[in-house]
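Enquirer: So you can see what is in the structure, the chains are spelled out below.
There are 2 protein chains.
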Amino acid sequence: MTGETGSSLLRDAVQETALAIDEAFDRLLPVPSDARARLYEAMRHAAIGGGKRMRPLLVKATGDLFNVSAESALRVGLAVECIHVYSLIHDDLPAMDDDDLRRGKPTVHKAYDEATAILAGDCLHDIAFEVLVDPRTHADPFVRCELIRALAVSSGPAGMAGGQMMDLEAEKSGFDLPTVTRLQQLKTGALIGFCVEAGAILGRVPPEGRTSLHGYARDIGLAFQIADDLLDVEGDAQLAGKALGKDAAAGKETFVSLLGVDRAREQAHILVAQAKAHLHNHGAEADLLRAIADYVVERDR
Amino acid sequence: MTGETGSSLLRDAVQETALAIDEAFDRLLPVPSDARARLYEAMRHAAIGGGKRMRPLLVKATGDLFNVSAESALRVGLAVECIHVYSLIHDDLPAMDDDDLRRGKPTVHKAYDEATAILAGDCLHDIAFEVLVDPRTHADPFVRCELIRALAVSSGPAGMAGGQMMDLEAEKSGFDLPTVTRLQQLKTGALIGFCVEAGAILGRVPPEGRTSLHGYARDIGLAFQIADDLLDVEGDAQLAGKALGKDAAAGKETFVSLLGVDRAREQAHILVAQAKAHLHNHGAEADLLRAIADYVVERDR
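In order, the protein sequences belong to chains G and L. Sequential numbering of the first sequence, starting at 1478, is according to the numbering used here. Sequential numbering of the second sequence, starting at 1478, is according to the numbering used here.
This is chain G alone, in the form it adopts within the complex (with noise of 0.2 angstroms):
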C-alpha cells in the first residue's frame, strides 16, 4: 500500500465515522422537555461535533478484518465514544486538570456548571453500558457479556481511570521511565486496546487468536501518547483546540521530558512500525489498521 492510498483510504474512514458517530449521539440524545434538559443539552456540548473519533474508527478498522457487521462496529463505537467523552468532562473539571477550552470550546463546566458537568460524564457512562447491552449491538447475549465486561475492565480502576489516578499522583512525586509507560498504558492504553478487542470479540475471535492484535494495540497507544507528549510541547494549541504545555508546567514527567525530544519521535517511529510488523498475517484488509498506525504520529493534533 502506497501512502497515498493509505491516506485516502483513512480520510474517507474518518470522514464516514466522524458522521456517523454525531448522528448517533443525535438519536441518543434528545433533550426531554422536563428539568433534565439541561443535562441532555451539556451531554449533547460534549458528544456531538468534535474530536477525531479515533477510537470508533479502531473498531471499525478491527472489525474490517472479520466481516463485522457495520452496525455491531458502529454501536460499540458509539459505545466507547460515550466512555471517552466522560472521562473529557470529569478530566477537564476544575478539581482535575482545569481546563477551561476542549475541542475549540469552552469545556462543559465552562458552558454549563460543575454539578452538571459532574453528571453528565456519569449518564454517559451509564449509557455506553446501555448501548452495548442492547441487542441491536450483537443478537448473541454472550458476545454483548464479554464487550461489556472488557469496557468495563478498561475503563475503571485497573484501566482509565486508574491511569487518570496515577496521573494526579504523578504531580506529587517524579516518576521513571517504567511507571509512566505504565500510567499510560492504563490512562489511554486501556481503551485503545478495548477498540482493538472488541473488534475481535465481535468477529468470534476465540482469546487465544488476539495476541497479535493485543500487540498493535499497546504500540499504537504507547505511540499516541508520546505524540501527544510532543504536541503538548511543539504543538498549535489552535489547531489542538486546548491549552497546550501543561504537563510541563505541572512539573509532570512526560515520555519528551524522560526521553528528550529527538528520542521521543524515533520511538514513536519504532512502535508505529512495530505496531505494523504484527499486522503481518493480514492483507489489505488491515490497510486500514496500517493507516491508523502511521496517522497516529504523524497528526498535528
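Worth flagging that the hints you see were computed from the coordinates, not collected in a lab. Given the structure is predicted, the values throughout are model-derived calculations rather than measurements. Possibly wrong hints are sitting among the right ones.
Each pair may be met inside one copy or between any two copies, as identical chains are not told apart.
[Stated by the list, open to error] In silico lysine to aspartate or glutamate, EDC-like type, Cα no more than 16 angstroms apart, as pairs:
| # | residue 1 | residue 2 |
| --- | --- | --- |
| 1 | Lys1649 | Asp1590 |
| 2 | Lys1753 | Glu1685 |
| 3 | Lys1529 | Asp1577 |
| 4 | Lys1587 | Asp1577 |
| 5 | Lys1729 | Glu1648 |
| 6 | Lys1729 | Asp1713 |
| 7 | Lys1587 | Glu1500 |
We have chain G already, so just place chain L on it with the hints.
Expert: The following block gives chain L in isolation, referenced to the frame of chain G:
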C-alpha cells in the same frame, strides 16, 4: 405475621446482609502497591462499614420469593451498592450538595480530595457492571444482560442521575407535588425499583409477572423518601451521621414542605399499606419484604 416476628426477621437479615456486603467489598477492593493505592483506599473508605444496605436487602428479599441463590442475590446487591456508594460520593462533592459528613465519617473529598473522590465514584460505577457481567452472578448471559440493562437505565439520565439533575434544578424553581414526586421516583425510586426487578430477573419471572413487584417498589420508594424528608426536619443529626435541615435551608420543596409534617407522615403510612397490599398473592416467603416496608417509615436514621 406479628410485628415482633417481622422485626426479628428483619434484624437478622439486615445484620447478615451488612456483614456479607462488607466482606464482599473487602475482597473486591484489595489495595494495590502502586500509585493507585489512594484510589482504592478512597473506595474502601466509602464502601466498607456503613449504611443500612437496604438495596442489597431488597434484592435478597425479592429473590427469596423465587428461590434465587444466596450468591446471585448477594452479587447483584453488591453491584447496586457500588452504584449507590458512587452516587453518594459524587452527590457529596462541593459542586453538588457539598456535604462534609456521611455515615458519621468525613465524606471522600474531605478524607482525601476532590479529584480522588470523582475518580473513586467513577471506578465504583465501572465495578458495578464488572460484578454483574461475571458468570458467578448468573450462569446465563441472557440473565446477566437483563440485569445490566436494568441497572444502566435505573442509574442513568432516565433514573438516579436524572433525578439528581432535577434536584439541582429544584433549588432554582419551586416544584409542585407532581414534579417532586417524579423527581423522587427517579432520584431514589429507580434504584429501589431495580433491586426488586433484579430479584425477579434472577428468578426468571417474565416481565408481565412483575407488575405487583413494581407497585411494591414504587410505593416503598416514595415512602422512603417522605421518611427521609421527615428525618431532615425532625431527625437527630448524630444518629443520621450527616447534616440535616439542608432542604429547607436551600429553599427546596419537599414532600414535607408541600404537605406539612402530619399529612406527609400519613401519606408515608398509606404508601406502606399499599406496598404490602401488592404482596397479597404471596405467603410467608414475602414476610421480609413486608418487614422492609414497615421499616422504611419507622427508622430513625
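Enquirer: Which numbered hints does this structure break?
Expert: 2, 3, 6, 7
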